[in-house]
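Asker: The chain contents come next:
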Amino acid sequence: MTRISGPSVRLARRAAAVTVVTVTALSATACGDSVGDTSGTGSGSASTLTEIDYYEAAPQNTQLPKLLDECGAQVGVKIEHQQVPRAQFMPKLLQQASSRAMPDLALIDNPDLPQLAATGGLLPLSDAGLTTEGLYPSIVEAGQFQGKTYGIAPGVNGLALYYNKDAFTEAGLTPPKTWDDLTKAARALTKGPRYGIAFSAVGTEEGSFQFEPFFWTAGASLKQLDSPQAVQALTLWKDLVDGKSASKSVVTWTQADVNDQFMAGNAAMMVNGPWQLPTLNENKDLHFGIVPIPIPSPEAKPVTPLGGEVWTVGHSDPAREKNAVAVLKCLLSQDKSLEWSTNAGYIPSNQAAAEQMSASNPQLAAFVEEVATARARTAELGTAYPKASEALFNAIQASLAGGTPPQEALTAAQDAAA
Amino acid sequence: MMADITHSQAAPADVRVRPIGKPMGRSAGVRGGRGGTGWAAFGFIAPAWLYVAAFYVYPLAGNVRMSFQDYTVTSFFTGRAPFVGWRNYEAVWRDPAFAKTVVNTVAFTVGSLLFQFGIGLALAVFFQRRFPLGGVLRSLLLVPWLLPLVVSGTAWRWIMETDSGVLNQALMQVHLIDQPIPWLASTSVSLLSVTLVNIWVGIPFNMVILYGGLQGIPVHLYEAAALDGAGAWQRFRHITLPLLRPVTAVVLTLGLIYTLKVFDVIMVLTQGGPANSSQTLTTFAYDLSFQRLTFGHGAVVGNLLIVVAVVFAFVYLRATRDGEGRAAA
Numbered sequence: 001m002t003r004i005s006g007p008s009v010r011l012a013r014r015a016a017a018v019t020v021v022t023v024t025a026l027s028a029t030a031c032g033d034s035v036g037d038t039s040g041t042g043s044g045s046a047s048t049l050t051e052i053d054y055y056e057a058a059p060q061n062t063q064l065p066k067l068l069d070e071c072g073a074q075v076g077v078k079i080e081h082q083q084v085p086r087a088q089f090m091p092k093l094l095q096q097a098s099s100r101a102m103p104d105l106a107l108i109d110n111p112d113l114p115q116l117a118a119t120g121g122l123l124p125l126s127d128a129g130l131t132t133e134g135l136y137p138s139i140v141e142a143g144q145f146q147g148k149t150y151g152i153a154p155g156v157n158g159l160a161l162y163y164n165k166d167a168f169t170e171a172g173l174t175p176p177k178t179w180d181d182l183t184k185a186a187r188a189l190t191k192g193p194r195y196g197i198a199f200s201a202v203g204t205e206e207g208s209f210q211f212e213p214f215f216w217t218a219g220a221s222l223k224q225l226d227s228p229q230a231v232q233a234l235t236l237w238k239d240l241v242d243g244k245s246a247s248k249s250v251v252t253w254t255q256a257d258v259n260d261q262f263m264a265g266n267a268a269m270m271v272n273g274p275w276q277l278p279t280l281n282e283n284k285d286l287h288f289g290i291v292p293i294p295i296p297s298p299e300a301k302p303v304t305p306l307g308g309e310v311w312t313v314g315h316s317d318p319a320r321e322k323n324a325v326a327v328l329k330c331l332l333s334q335d336k337s338l339e340w341s342t343n344a345g346y347i348p349s350n351q352a353a354a355e356q357m358s359a360s361n362p363q364l365a366a367f368v369e370e371v372a373t374a375r376a377r378t379a380e381l382g383t384a385y386p387k388a389s390e391a392l393f394n395a396i397q398a399s400l401a402g403g404t405p406p407q408e409a410l411t412a413a414q415d416a417a418a
Numbered sequence: 001m002m003a004d005i006t007h008s009q010a011a012p013a014d015v016r017v018r019p020i021g022k023p024m025g026r027s028a029g030v031r032g033g034r035g036g037t038g039w040a041a042f043g044f045i046a047p048a049w050l051y052v053a054a055f056y057v058y059p060l061a062g063n064v065r066m067s068f069q070d071y072t073v074t075s076f077f078t079g080r081a082p083f084v085g086w087r088n089y090e091a092v093w094r095d096p097a098f099a100k101t102v103v104n105t106v107a108f109t110v111g112s113l114l115f116q117f118g119i120g121l122a123l124a125v126f127f128q129r130r131f132p133l134g135g136v137l138r139s140l141l142l143v144p145w146l147l148p149l150v151v152s153g154t155a156w157r158w159i160m161e162t163d164s165g166v167l168n169q170a171l172m173q174v175h176l177i178d179q180p181i182p183w184l185a186s187t188s189v190s191l192l193s194v195t196l197v198n199i200w201v202g203i204p205f206n207m208v209i210l211y212g213g214l215q216g217i218p219v220h221l222y223e224a225a226a227l228d229g230a231g232a233w234q235r236f237r238h239i240t241l242p243l244l245r246p247v248t249a250v251v252l253t254l255g256l257i258y259t260l261k262v263f264d265v266i267m268v269l270t271q272g273g274p275a276n277s278s279q280t281l282t283t284f285a286y287d288l289s290f291q292r293l294t295f296g297h298g299a300v301v302g303n304l305l306i307v308v309a310v311v312f313a314f315v316y317l318r319a320t321r322d323g324e325g326r327a328a329a
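Protein chains in written order, with UniProt numbering: chain A, 1 to 418; chain B, 1 to 329.
If you're looking for bench data, these hints aren't it; they were derived computationally from the structure. We put the CB at the ideal spot given by N, CA and C, even for glycine. Treat the hints with care, since some could be wrong.
[Unchecked claim] Derived coverage of chain B by chain A (criterion: at least 3 residues anywhere in the stretch with Cβ under 8 Å from a Cβ of chain A; other residues may be distant): (1) 156-167; (2) 225-239; (3) 242-249; (4) 267-278; (5) 297-308.
Turn these sequences into a full structure, and let the hints steer you where they fit.
Answerer: This is the structure in structure tokens:
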């Protein structure tokens, strides 16, 4: 290698020259590209729109492309569909934003909306002639930033308590209404490999989302993570795990894992959302019922977090924006919204449509009841929500998996969030 | 194996140090004079430098720059990120998870290296004896290294499941434990679990390199020592270990750099949780940048990792140079 003879030197030199030329040529084209990028914001014609979402599982990931195709055809545009995993969704969106290639349509998780709207990269939908009339006030609020609407939900969701009817009949129990009922039922139903209850305390937004119904119903606020009410809610969860009514693995389970545990018969109850219904209903041997999340006392007012994604339109050029808004109008229309909700396990964001749907489908009654009083997660803190949420799920994990007393864990969380 | 590594490492250094024109002087084509050879040399070096500049220097400089900026979600849209001096460094220093993460990283790295090397060496010595199916066994041991980490990591996640995982089931069957151990679901055990899996992943690398090193030790030394009455342990202690030193240095420094940058094992198994209990600097940097979206803070941790890796890369270069020197003497 180090000892080179005459002819091969010449050969090598020629090769090197070729390499230099190639590299120079490559870097020249690279420069050309970046110049083109900055000048043409809406590269490509207005007849092809781009869309991004994070649905990875059936039925949502098959239903959404179908709807997009239908609405694209109606408006006369082609929609390029792109799915990325939830954890990489925001980074991907930001990367596209920095290269001036924001997707025309993005279906984003509602707590992320204020952060994205604050960047100025989203089109205010209220100015574009889209209306939020008749939608649940909480989802309208979740789509707003500084008084303007940037995101509108095709459907919403919330959390409720699923219970295994066979297990309850066998134990002679009725579905729990209060926290005391819940603790007693969970203890009574824990038998062999089966735990009384399953929920997700995973270290992501999902963990906070699952905890918030208990946290808010107890009367706690995200502005004060270490209030006595918050401690009370975390103590409930900690007692369930310490009392072996819930698996220690709850800190590693996502909501999809929780659903798997419930379907496999490893949990007699679970906290989960309506998007699991299409999967659960396929399993004919599983008999389950759904009730609202239990409350601390019979007088307490239940407050659950509002779940669901909102459609946003990214800034591009007027022609593209116009087409994107037209597609959005189609996606949010009464019949498409209903189609999406039915097939993907969502509650229509239109209040009247939701009530109509719950009348015809008793499975949805508990969810519709809760969505009516649900709270947008960003309602209290706006753009500061993700930080508080992270502090909260870390406190839950420290308490459930590390034995930190709830008060101590939540005090640390309040310090971290402040 | 060892010879391969040291040589490929030494080659670029040779090219750089050798006075321009001297080795080529023998060839007829280069008689053109000093100026011509200078350009030729530049032509040879340029591609490498262009490559290094575009793919290493530029991103690294970008990362250093970012660590002094308040780089937020908005920055991606506007392209503006105000400089904030050392404030990002202060914020990371004050982050409640930072101290724990540093301790975790040290424990994870030292634990992994110690056992990877120890077990790898034991296996390498073991496989030096010839026995039926030895070759087959040795290649089977490479499996952890060949499998994509996401695949083996997911399998380990199942194995270490608290309630239904085969590890707990097995341990309870043989009555070693009477309560399932929450391998991945407890803040006190999760770091141990990810370290165990990482040791499993790293053993083949250590074994292969050390086995190669063992092949380079002349057999007659062992024969002579045996004639002098040295036992197995003495032969190992006074022949194998000293002669394996250059390889050991390479394996340990490379292993250290590999272990510091381990990401996939932890991401698949615990995502650094529960409650940051298995967070290392690598996963922490990812968490800060891509989950919390505080890119300036993530860049700070990234820089820290780079500094540590560079320090040990120099140690590695020194170690290989020493090794060569000794071999030549």
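Asker: Now tell me if each hint is right for this structure.
Answerer: Going down the list of hints, with the structure as the test:
Under the rule that three or more residues need a Cβ within less than 8 Å of chain A, the assignment of the segment 156-167 of chain B holds, with 4 such residues. Only when three residues or more bring their CB closer than 8 Å to a CB of chain A does the claim for the segment 225-239 of chain B stand; here the count is 0, and the claim is violated. For a cut-off of 8 Å, the count of residues in the segment 242-249 of chain B with a CB near a CB of chain A stands at 0, and the three-residue condition is violated. Three residues within the 8 Å Cβ limit are the bar, and the segment 267-278 of chain B against chain A gives 8, so the coverage statement holds.
Using a Cβ-Cβ cut-off of 8 Å, 0 residues of the segment 297-308 of chain B lie near chain A, which falls short of the minimum of three, so the contact claim is violated.
Comparing the model with each numbered hint stated earlier shows that hints 2, 3, 5 do not hold.
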